[in-house]
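Enquirer: Construct the entire structure; sequences and hints are all you get.
2 protein chains.
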Amino acid sequence: MAGSPDKSEEGNVGNVAQVVVVLVTGGCGYVGTHTVLQLLEQNVHVVVVDNLAGVTRGNDEKKPTSLERVEELSGKTVDFHNVDINDAESLDKIFKLYRFDCVIHLAALKSVGDSCSLPLDYYRNNVAGTVTLLEIMKKNQVVKLVFSSSATVYGEPQYLPIDEQHVTGQRVTNPYGRSKYFIEEILRDLCTSDPKWSVICLRYFNPVGAHPSGRIGEDPAGVPCNLMPYVAQVAVGRLEKLAVYGNDYSTPDGTGVRDYIHIMDLAEGHWAATKKILKEKGAKAGEEGAGAGGSWLAYNLGLGRGYSVLDVVKCFESVSGRPIAVDFVQRREGDVASSYSDCSLAVRQLEWKASRTLTDMCKYCALWCTFESLHLL
Amino acid sequence: MAGSPDKSEEGNVGNVAQVVVVLVTGGCGYVGTHTVLQLLEQNVHVVVVDNLAGVTRGNDEKKPTSLERVEELSGKTVDFHNVDINDAESLDKIFKLYRFDCVIHLAALKSVGDSCSLPLDYYRNNVAGTVTLLEIMKKNQVVKLVFSSSATVYGEPQYLPIDEQHVTGQRVTNPYGRSKYFIEEILRDLCTSDPKWSVICLRYFNPVGAHPSGRIGEDPAGVPCNLMPYVAQVAVGRLEKLAVYGNDYSTPDGTGVRDYIHIMDLAEGHWAATKKILKEKGAKAGEEGAGAGGSWLAYNLGLGRGYSVLDVVKCFESVSGRPIAVDFVQRREGDVASSYSDCSLAVRQLEWKASRTLTDMCKYCALWCTFESLHLL
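As you go down the protein sequences, you meet chains A and B in turn.
Residue numbers for the first sequence follow the numbering used here, so the first one is -15 and each next one is one higher.
Residue numbers for the second sequence follow the numbering used here, so the first one is -15 and each next one is one higher.
Treat the hints loosely; a few may be bogus.
No copy is singled out in the list; a pair is fine if it fits within one copy or between any two copies.
As the list claims (entries may be wrong) - 25 Å max Cα-Cα, derived SDA-like pairs, lysine to any residue:
#1 K123 - D68
#2 K123 - N70
#3 K122 - L93
#4 K122 - V313
#5 K80 - N70
#6 K122 - D98
#7 K180 - S101
#8 K122 - D68
#9 K123 - D98
#10 K80 - L102
#11 K180 - T157
#12 K122 - S101
#13 K77 - T61
#14 K298 - I308
Just so you know, the hints here were simulated from the structure itself, not pulled from any lab data.
Expert: What follows is the structure, encoded as structure tokens:
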């Protein structure tokens, strides 16, 4: 076992005073860094596995820049292993080094556009990678997992707001979304087959914003695919104007409505899910509840309301004090008018609620983007 | 390149006189052996990759017994490689040895029951294994694939007969079926992403029977999960009686109705699909049809009509001359009353039709089972 943190640094879950050791796959990415920081603040011993595929700066260092900043912000250290989850042998070695209480599995490719042109990469990294991770977890008797899923598993919304009872896997328009859906189903089958497993799938809506320090945020590599990073780049002058795909939707201002969630709220959602899963006692043979399978749960993580493209633009202009040039272009195939979540299940069962506003999201996105721009100069 | 067959042994597709080289994964199994034999009879140069996981006898030999019998029956040889499709490195070496025109991908775990208790094994071998195979194919520019899918992708039938337009992936009751559905979708995404690919998914109904010689057939390991092998084992006295799950379905005699297809018809279906796919010209950049993606097609392979459990029992009694003791027990969860195919698309587009009757299926199943029983004495 690796060195345990001092008594004073012990992670606490409810009344159980013990060091909690959590493996975070993909811990160097956007959701990863904010989640790791959240865990460190809860005195969890965090081990990160990341292949640095999504990290464009500091990935030639012993520890990538993003994780160094997390350490600076928290004043604590993270164990980092540059390992691909498809590398079963290396992964197994890490499982021998620590006794993990839980795995938070964030490692994945996440570009919808790339997934359409390179689907095999998505099925390799997301689906096959997860199968490998699960095999190694099973082999090492680690049976608690928090999985980074996505609202894309719902496909085209059949009704609004979308709750967790909404059908999944139908009319999913891209391989990225399908890879998340497949993984959810694999996890469900695994829990059905074995009562020891506990899995929580967190279905993210649109994570945006950054840590209040402005020191960690979404990696600004290339042209952003998502609205807010794009808006931010227009605001700082790195891109000329924002293309708005369609302004004739049946929404208040004609532009698409989406549910945005502040990355800090999302990170807190991961801690809430981790606390819940650590309290779950796996049913043992003969115990009450055994035979019914393990525990598989899915929760929406969103703000629970929608904002239009123009809402976001106006808010960003307001917080940044800069005008955002907008160009209305044709609708994109596969885009829907509106999508937003019902997050009441997470409120009830995870005792968690998104509290940051759209203004917060824009403000910290702008701060991070400015910081990164300065840093890049 | 490995040694080419003599001119006199050249595989012919339509008017194109050239040696056709086909990789058959899982070529030592039930569908595999019959398909390989069919290909050899068409003078195709056949290379088999199999990890022998589904082969219980002769798997310690250089070439397993099943494949030796195929060679005896055909008077031709097969190149055999004991390789797991998850082993990318070994698989790649095989792709460097030959220039494959097409891959027939049959390697998979296939027990519905086992898939419920060991889902990870199914997602590893079937889904992740296929992703590895596709990566190696892509790397080596082999872009034609015939895939062994299953009618289980249709889930609970929404209407009868089931044609290829029937929804897939909904209410699929087991991980085996889900693994086949996931692979179909992965293949579809791959074809959408790249016009060079041609894929045909063959959705098998219930393959039964054996080669007329009685020398190859379904491996009789353990207690069979499927009806006809079970009936056969009762007939030869290895099992006492047949459990019939439910006799109160809304079918003519109250027992479940299924579509059975003779394995020889199925093997011919693979050759028909192979011929079609070899004729497909992959669209190249700039060519007409390019941009619309590659070709992804799915065909039902069944008899196109259903037989009840009691139909099968009576037919088997008649051809074997032995009584089959039957025990009516409760319905199994997930079983439907009736399921049978509309195979008219395959008739039109593959120029193939199942011609063997239920009597043929029972007769050759009995012959194979008797042969195997004698052999085991």
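Enquirer: Should K122 paired with V313 be assigned to within, between, both, or neither, using CA atoms and 25 Å as the limit?
Expert: neither (49 Å within a copy, 36 Å between copies)
Enquirer: For K180 and S101, with the copy left unspecified, which applies at a CA distance of at most 25 Å: within, between, both, or neither?
Expert: Intra 38 Å, inter 13 Å, cutoff 25 Å: inter-copy only.
Enquirer: Within, between, both or neither: how does the pair K123, D98 come out at a Cα-Cα threshold of 25 Å?
Expert: between (33 Å within a copy, 18 Å between copies)
Enquirer: Please sort K80 with L102 into within, between, both or neither, judging by C-alpha distance up to 25 Å.
Expert: Result: close only across copies, 23 Å inter versus 34 Å intra.
Enquirer: Which holds for K298 with I308 at a C-alpha limit of 25 Å: within a copy, between copies, both or neither?
Expert: within (8 Å within a copy, 77 Å between copies)
Enquirer: Using 25 Å as the alpha-carbon threshold, which applies to K123 and N70: within, between, both, or neither?
Expert: both (15 Å within a copy, 18 Å between copies)
Enquirer: For K122 vs D98, is the C-alpha pair at or below 25 Å within one copy, between two copies, both, or neither?
Expert: Classified as between; 17 Å across copies, 31 Å inside a copy.
Enquirer: How would you label the pair K122, L93 (within, between, both, or neither) given a Cα cut-off of 25 Å?
Expert: both (23 Å within a copy, 20 Å between copies)
Enquirer: Taking 25 Å as the upper bound on the Cα-Cα distance, should K122 and D68 be classified as within, between, both, or neither?
Expert: Both ways: K122 and D68 sit 18 Å apart in one copy and 21 Å across, limit 25 Å.
Enquirer: Under a CA distance limit of 25 Å, which applies to K180 and T157: within one copy, between copies, both, or neither?
Expert: Between copies only: 21 Å across, 34 Å inside.
Enquirer: I want to check one pair: K77 and T61. Are their C-alpha atoms no more than 25 Å apart within a copy, between two copies, both, or neither?
Expert: within (20 Å within a copy, 44 Å between copies)
Enquirer: Cα distance capped at 25 Å. Does K122 pair with S101 within a copy, between copies, both, or neither?
Expert: Classified as between; 14 Å across copies, 33 Å inside a copy.
Hint 4 alone, counting from the list given before, is not met by this structure.
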